[in-house]
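Peer 1: Sequence:
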Amino acid sequence: MDTPDRQLRYFLRIAELKSLSRAAEDLDQTQSGLSRQLAALEAHVGKPLFTRTGRGVELTEAGARLLDGILPAYRSIDRALEAVRQREGVTQGTVRLATVHTLSYYFMAEVVASFVSSHEHVNLSVMGRSSPEVVALVEAGKADVGFVYDSAVASDNLASTTLFDDDMCLIVLADQPLMDNVDLAAMNLRLVGFPPHYALRKMIHSAGLEPEFVAEAETIDAMLKLVSSGVGACILPSRIPDKLLNEYGLRKIRVHSPILRRRVVAITLANRQPLPLVSELLASAHRIARH
Numbered sequence: 001m002d003t004p005d006r007q008l009r010y011f012l013r014i015a016e017l018k019s020l021s022r023a024a025e026d027l028d029q030t031q032s033g034l035s036r037q038l039a040a041l042e043a044h045v046g047k048p049l050f051t052r053t054g055r056g057v058e059l060t061e062a063g064a065r066l067l068d069g070i071l072p073a074y075r076s077i078d079r080a081l082e083a084v085r086q087r088e089g090v091t092q093g094t095v096r097l098a099t100v101h102t103l104s105y106y107f108m109a110e111v112v113a114s115f116v117s118s119h120e121h122v123n124l125s126v127m128g129r130s131s132p133e134v135v136a137l138v139e140a141g142k143a144d145v146g147f148v149y150d151s152a153v154a155s156d157n158l159a160s161t162t163l164f165d166d167d168m169c170l171i172v173l174a175d176q177p178l179m180d181n182v183d184l185a186a187m188n189l190r191l192v193g194f195p196p197h198y199a200l201r202k203m204i205h206s207a208g209l210e211p212e213f214v215a216e217a218e219t220i221d222a223m224l225k226l227v228s229s230g231v232g233a234c235i236l237p238s239r240i241p242d243k244l245l246n247e248y249g250l251r252k253i254r255v256h257s258p259i260l261r262r263r264v265v266a267i268t269l270a271n272r273q274p275l276p277l278v279s280e281l282l283a284s285a286h287r288i289a290r291h
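Residue 17 in my numbering sits at position 17 of the sequence shown, and the numbers go up by one each step.
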């Protein structure tokens, strides 16, 4: 009987995500169709491979044995296929990158430009999201690599490497009479901020600050536009380009206290060796982060 390769691939994805519904969504299958494929594999094996739990599915003893037996082989196959592609000069394909919104304004643009310039036939898909969403995309296998603040990474399923530390600053109207090195705790802060689930919003509260948030925005452009209208200030990374702020009539104010700093990391799945194209993208990110 032919080896049910597609069913085994589906089995691996269900085991990785521990959910039939999430695996079906990730594989672009209906849940009923995926269930039929799993049932056919279980009939071929002669044993149930998963048991249902309140949160999804768990491997049975037979399922765990099957996973242990086939996972190394499929990893080797995937690496071999990609190695042949690279060795033969085939560089076409898609790399899916997820990043927090702020990084796209001062870091990711350089990374993307560097990578694309040497991989002109690669389709680089860039998704701007909140920190929790970036983590979720990488965990679900919907992004090959993510760029996020380390405070958002709390999963054994992810491997992270440090890129750089990001200091925050206060951004105000250009004509506002404020000197550098302000103490935010001593100010009556009226802020435009990201929604509460964003890492930068959580950072502000973690520092002991309780500002009045007069407006919320999910993009940098919307936030800067609101600040330029005079409704309040905002707190963003100091690496935000001055040229961008000038377009909105804004400027940076250095913060003396409290220290607002976040570490930027690159994340990939811990149990999967990054494909060569992803490794090259990571190398570009590390090189630019050192500059």
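Hints should not be assumed to be uniformly reliable.
As the list claims (entries may be wrong) - List of simulated lysine to aspartate or glutamate pairs, DMTMM-like, C-alpha gap at most 25 angstroms:
#, residue 1, residue 2
1, Lys225, Glu210
2, Lys202, Asp175
3, Lys225, Asp242
4, Lys142, Glu212
5, Lys47, Glu61
6, Lys225, Glu212
7, Lys243, Glu133
8, Lys142, Glu280
Stated by the list, open to error - What follows is a set of in silico ranges between Cβ atoms, one per label pair, in the way DEER data are often shown:
#, residue 1, residue 2, range
9, Gln273, Pro196, 12 to 20 angstroms
10, Leu71, Ile259, 19 to 27 angstroms
11, Thr219, Ser151, 38 to 46 angstroms
Everything labelled a hint here was simulated from the structure, so no lab data went into it.
This structure is a prediction, so every number in the text was calculated from the model and none was measured.
Every residue gets a Cβ at the ideal spot worked out from N, C-alpha and C, and that includes glycine.
Peer 1: Against this structure, judge whether each hint is valid.
Peer 2: Results of checking the hints against the structure:
Pair hint Lys225 plus Glu210 holds up; C-alpha atoms about 23 angstroms apart against a cutoff of 25 angstroms. Distance check on the hinted pair: Lys202 and Asp175 sit about 29 angstroms apart at the alpha-carbon level, beyond 25 angstroms; violated. A threshold of 25 angstroms between alpha carbons decides the hint, and for Lys225 with Asp242 the separation of about 15 angstroms falls inside it, so the pair holds. As the CA atoms of Lys142 and Glu212 are separated by approximately 36 angstroms, the hinted pair breaks the 25 angstroms bound.
Pair hint Lys47 plus Glu61 holds up; C-alpha atoms about 9 angstroms apart against a cutoff of 25 angstroms. For the hint pairing Lys225 with Glu212, the CA-to-CA distance comes to about 18 angstroms; that is within 25 angstroms, so the pair holds. Proximity of Lys243 to Glu133 is assessed by CA-CA distance (about 29 angstroms); at most 25 angstroms being required, the pair is judged violated. Between the alpha carbons of Lys142 and Glu280 the distance comes to roughly 19 angstroms, so the proposed pair stays at or under 25 angstroms and holds.
The hint said 12 to 20 angstroms for the Cβ distance between Gln273 and Pro196, and at roughly 36 angstroms that hint is violated. Range check, Leu71 to Ile259: about 43 angstroms between beta-carbon atoms, so the 19 to 27 angstroms window is missed. The hint said 38 to 46 angstroms for the Cβ distance between Thr219 and Ser151, and at roughly 21 angstroms that hint is violated.
In this structure, the hints that do not hold are numbers 2, 4, 7, 9, 10, 11, in rising order.
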